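Asker: Residue numbers (our numbering), protein chains in the order written: chain A, 1 to 438; chain B, 1001 to 1236.
The set of hints was computed from the structure by calculation and includes no laboratory data. Only a predicted model underlies this, so the values are computations on that prediction, with no experimental measurement involved. Heads up, a few of these hints could be off.
[Claimed, not checked] Across the chosen pairs, the derived CB separations fall in these ranges:
{"#": "1", "chain 1": "B", "residue 1": "P1022", "chain 2": "A", "residue 2": "Q307", "range": "40 to 46 angstroms"}
{"#": "2", "chain 1": "A", "residue 1": "F299", "chain 2": "B", "residue 2": "D1147", "range": "37 to 43 angstroms"}
{"#": "3", "chain 1": "A", "residue 1": "F6", "chain 2": "B", "residue 2": "D1147", "range": "46 to 52 angstroms"}
{"#": "4", "chain 1": "B", "residue 1": "E1224", "chain 2": "A", "residue 2": "F6", "range": "34 to 40 angstroms"}
[Claimed, not checked] Keeping only pairs whose Cα atoms sit at most 30 angstroms apart, straight-line, the calculated DSSO-like set for lysine-lysine is:
{"#": "5", "chain 1": "A", "residue 1": "K435", "chain 2": "B", "residue 2": "K1214"}
{"#": "6", "chain 1": "A", "residue 1": "K293", "chain 2": "A", "residue 2": "K253"}
{"#": "7", "chain 1": "A", "residue 1": "K435", "chain 2": "B", "residue 2": "K1137"}
{"#": "8", "chain 1": "A", "residue 1": "K134", "chain 2": "A", "residue 2": "K253"}
{"#": "9", "chain 1": "A", "residue 1": "K143", "chain 2": "A", "residue 2": "K164"}
{"#": "10", "chain 1": "A", "residue 1": "K253", "chain 2": "A", "residue 2": "K143"}
All C-beta atoms in this analysis are idealised placements derived from N, C-alpha and C, irrespective of residue type, glycine included.
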Amino acid sequence: MALTDFTIVRRSITGRLFSSVVTIATVAVAVALMLVLISMRHAGRAAFERGSGNMHLIVSRDPSPLVAVLNGIFYANPPQRPIAWREYLAIIDRFPLEFAVPTQQGDSWRGYPVLATNTDFFTQFRPDPVTPWKCSSGRWFNKELEVVIGAAAARETGVRLGEKLVLTHGVSLSESAREAMLAAGQPVMEPHVHTEYQFEVVGILEPTGSAHDRALFISLESTWILHAHDRRVAENPSATLCTNADITEEDRKITGIYLRLPTRAGSDTPANLPVVFDQLRRDTSITVASPSKQIEQLFRIVSNIDQVFLGLAAVVLLSSGVGIMLALYNSMAQRRRQIAVLRVLGASRSRVLGLILTESAVLGLLGAITGVAVAFVGNQAVAAIMKARLGLLIQPTPPPEFVMPLILATVVLASLAGVVPGVMAYKTSVVRNLKPIG
Amino acid sequence: MPYPTTPDAPALDIRSLRFRYPDQSAGAWTVAVDALALRRGEQVLLTAGSGRGKSTLLHLIAGLMDPAEGDIRVAGESINRLPPRQRDLHRGRTIGMIFQTFNLLHGFSALENVMAAMMFSAIPPREHRPRALALLKHLGIDRPDADPDRLSVGQQQRVAVARAVACDPVLLLADEPTASLDPENASGAIELIRAVAREKNAALLCVSHDPAMKDHFERRITLEELAGNTPQPASA
Chain A
1 MALTDFTIVR
11 RSITGRLFSS
21 VVTIATVAVA
31 VALMLVLISM
41 RHAGRAAFER
51 GSGNMHLIVS
61 RDPSPLVAVL
71 NGIFYANPPQ
81 RPIAWREYLA
91 IIDRFPLEFA
101 VPTQQGDSWR
111 GYPVLATNTD
121 FFTQFRPDPV
131 TPWKCSSGRW
141 FNKELEVVIG
151 AAAARETGVR
161 LGEKLVLTHG
171 VSLSESAREA
181 MLAAGQPVME
191 PHVHTEYQFE
201 VVGILEPTGS
211 AHDRALFISL
221 ESTWILHAHD
231 RRVAENPSAT
241 LCTNADITEE
251 DRKITGIYLR
261 LPTRAGSDTP
271 ANLPVVFDQL
281 RRDTSITVAS
291 PSKQIEQLFR
301 IVSNIDQVFL
311 GLAAVVLLSS
321 GVGIMLALYN
331 SMAQRRRQIA
341 VLRVLGASRS
351 RVLGLILTES
361 AVLGLLGAIT
371 GVAVAFVGNQ
381 AVAAIMKARL
391 GLLIQPTPPP
401 EFVMPLILAT
411 VVLASLAGVV
421 PGVMAYKTSV
431 VRNLKPIG
Chain B
1001 MPYPTTPDAP
1011 ALDIRSLRFR
1021 YPDQSAGAWT
1031 VAVDALALRR
1041 GEQVLLTAGS
1051 GRGKSTLLHL
1061 IAGLMDPAEG
1071 DIRVAGESIN
1081 RLPPRQRDLH
1091 RGRTIGMIFQ
1101 TFNLLHGFSA
1111 LENVMAAMMF
1121 SAIPPREHRP
1131 RALALLKHLG
1141 IDRPDADPDR
1151 LSVGQQQRVA
1161 VARAVACDPV
1171 LLLADEPTAS
1181 LDPENASGAI
1191 ELIRAVAREK
1201 NAALLCVSHD
1211 PAMKDHFERR
1221 ITLEELAGNT
1231 PQPASA
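In isolation and in its complexed conformation, chain A is listed as follows:
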C-alpha cells in the first residue's frame, strides 16, 4: 500500500500519543457535555409532552390556559372552580368527539394527588400517544371505593394490591414536608380525612414517564360519594354512610375535561380543531387550552436557562478547539524538518497546509466520536438513575438529529483550530530547516 497524506496524519497523531489523547479527551468531554445537556433538555420536554398525550384540548375553570394545563395534567394544584356535570354533558354534546374524559381533582393520599375519572381515562386517553395504559398488576377500577395507583406513587409508598387506603379532602402533606413545615414554625393545616370510606387498591399501573405516575385514580362516583357524605354530615352530624343513591346533582361536579377530536387516518391534527377551540372559548366561564401550545409557551419561558447551559457547553467546545490549536502549535517546532523534507520531495505549500488541517479535523472527529460514545453511555446511566429514583422515563440515546450536526460542527471547529499551525507549516522555510542540527 502506498504512503498517503492520511498515513502522515496518522503517524503524526500516534507519534505524539499523550498529547493527542489529551486533546481528543478534551474535545470528547465538550461534545459529551453538549449532548447530555441537549438530551436532558429533550427528555424534559418529552416528559411534559407525554403528560398531555393524545388529548387535543383541556377544559377547566382555571384562571388561564397555562394554569389549566399545569393543574389538570401536571397536578400542580387542585383546580378550585368546578364544572357541573350537566355543563360537561352540554359541552360534549356540541361537537363530535373521539373522547371527552371528565376529571375531578381535590382529594389526595399521603401528598399524592387523587384523580377521579371514568375508565375512558385508561382506555381512550394515553399519556404517551403511542403507548396505552397498562397495569403492572391488578386491573382498572370498575366500581366505587376502588383505587388504581400510579407507578411512582406505588413504588415510593410500597403500597400493594388489596391494601385499604383512606383519602383526604384537600392535599395532605408527606411526612417529610410536614416535619419541615413544623420545624420552620409554619402552620400546618390538618387535612380532612375520609376515614369512613376505605378504598381498596385494585390495580398498579406501569410507568408512563408522565406526572400521572405520581397520582391515584378512583371513579367519579367515589369522589361524589365523599362529597355527598360531607354535605349530609354538615346537615346532620349523625348521617349514615352514603351510597350512589345519595348523590345529588349538586354533588356531581368535575374540575376538568380531556378532549380529543376525531382525526383522519395518518394525522394527529384534526381539521376542525381551530373551530372547536374558538367556539369553546366563546363561553367565557370556562378556560380552554391546547396542551401542546401551552407546553411550547412554557418552554419558551424557560428556554433562556437552556440557552445559558448550551452556551456554557459551546464555550467548553470552543476551548477544546483552542486545545487542538495549542497541541498542534506546540508540535510545529518538532515538525519543521519533516515539513521541509516533504517540501523537498515535492509537496506544495498548500498540501502541507492541508496535512495540518486534516490532522486537526481528525483530532476533532475522533474527539466528537468519543464524545458521542461517552454521551451515549452517560445518558444510559442518567436514564437508569432517573428511572430508579424518580420514575422518570428518559430517552437514553442522544437525539439523533443533533448528533451528526454536532460531529460536523466539531470537525469544522477543529479544522479552524488548525489554521494557525497550518499557516505556520505553510510558511515553514525549507532551506533553514534542512540545515544540519548542531
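Keeping the supplied structure of chain A fixed, place chain B upon it in accordance with the hints.
Answerer: Frame of chain A; chain B shown alone:
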C-alpha cells in the same frame, strides 16, 4: 516511470545566475554562476570553501530559493520561473536530493521514507511499495520495515540515496553527502551514489569541501570558476 522531460535537454542548464541574501551588501553576490550545464549521466564535483554558497546553489537549483537574475533549467524547464505549485511538482519528479544529515523522516520506516518520495510523483500508487522494496534491496537494506534510527549510519545513508532516486530523477543533487561518515565509509558512500546515478542515467552534482572527494570525479569545478570574473563575497 520517468517524468516527461524535454527530449535531449540537458539535465541542468544554468545561465547568468545571480543570488544574494537580503542582508547582503549590494554589489556582492552570494552565488554567481555564468554558465553550468550537465548532461544526463554526467557527474560533477563542485568544491568551494565552507560557507561559500555551495548549498545555496543547490537550493537555487532545486527551486527552494529564487535567484535575483538568470535562468535555471532542469530537464529543459525553467524551474525558477514556474508557479510555486508546478515548481514543487517539477522538483519532486525530476530532482533527487541527498543531504549531509540524510534528513530521513522520523516515525516512518526505511520503506516508508522511500515511498514518501513517490507520493508526489506520477508513479501509480500500487507500484510504490514493490519499487521501494526492490530499490532498498538493491542498495543492501535487508530490514526495510526498520525505523531508520535503528539502522547504522551507513544504512541510513543508503535509505537516503534510495529515496533520492526513487522517482528516477533527471538530476541528483548531493550536499556534502559524506560529511557525516568516516573516511572509509565516505569513499564507499560516494561510489554508491555515483553507481546509482549512473544506473538511473541521472546527472549528479555533488558539492563538498572534502579534498578526498576529488579522487572520485573526473569533472571537478570550483564555485569561483563558475563565477568567471564576477566579484565574489568574502563569505556566504
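Asker: Do the alpha carbons of K435/A and K1137/B lie within 30 angstroms of each other, as the hint requires?
Answerer: holds, 29 angstroms
Asker: Do the Cβ positions of P1022/B and Q307/A conform to the proposed distance bound of 40 to 46 angstroms?
Answerer: violated, 54 angstroms
Asker: Can the restraint linking K435/A and K1214/B be considered satisfied, given a maximum Cα separation of 30 angstroms?
Answerer: Holds. K435/A to K1214/B sits at ~24 angstroms (cutoff 30 angstroms).
Asker: Starting from K253/A, check that the Cα of K143/A is at most 30 angstroms away, please.
Answerer: With a Cα-Cα distance of about 18 angstroms, the restraint between K253/A and K143/A holds, given a limit of 30 angstroms.
Asker: So the hint says 46 to 52 angstroms: do the beta-carbon atoms of F6/A and D1147/B match that?
Answerer: Because 20 angstroms falls outside the window, the suggested range is violated.
Asker: Would you check the hint for K134/A and K253/A, treating anything up to 30 angstroms between C-alpha atoms as holding?
Answerer: holds, 27 angstroms
Asker: Please check whether F299/A and D1147/B have a Cβ separation lying inside 37 to 43 angstroms.
Answerer: violated, 59 angstroms
Asker: Are K143/A and K164/A close enough, with their CA atoms no more than 30 angstroms apart?
Answerer: holds, 15 angstroms
Asker: Given a hint of 34 to 40 angstroms, does the C-beta separation of E1224/B and F6/A actually sit inside it?
Answerer: violated, 48 angstroms
Asker: Measure nothing beyond the straight line between the CA atoms of K293/A and K253/A; if it is 30 angstroms or shorter, mark the hint as holding.
Answerer: Holds, because 27 angstroms separates the two Cα atoms, which is no more than 30 angstroms.
Going down the numbered hints, you'll see the structure goes against 1, 2, 3, 4, while the others check out.
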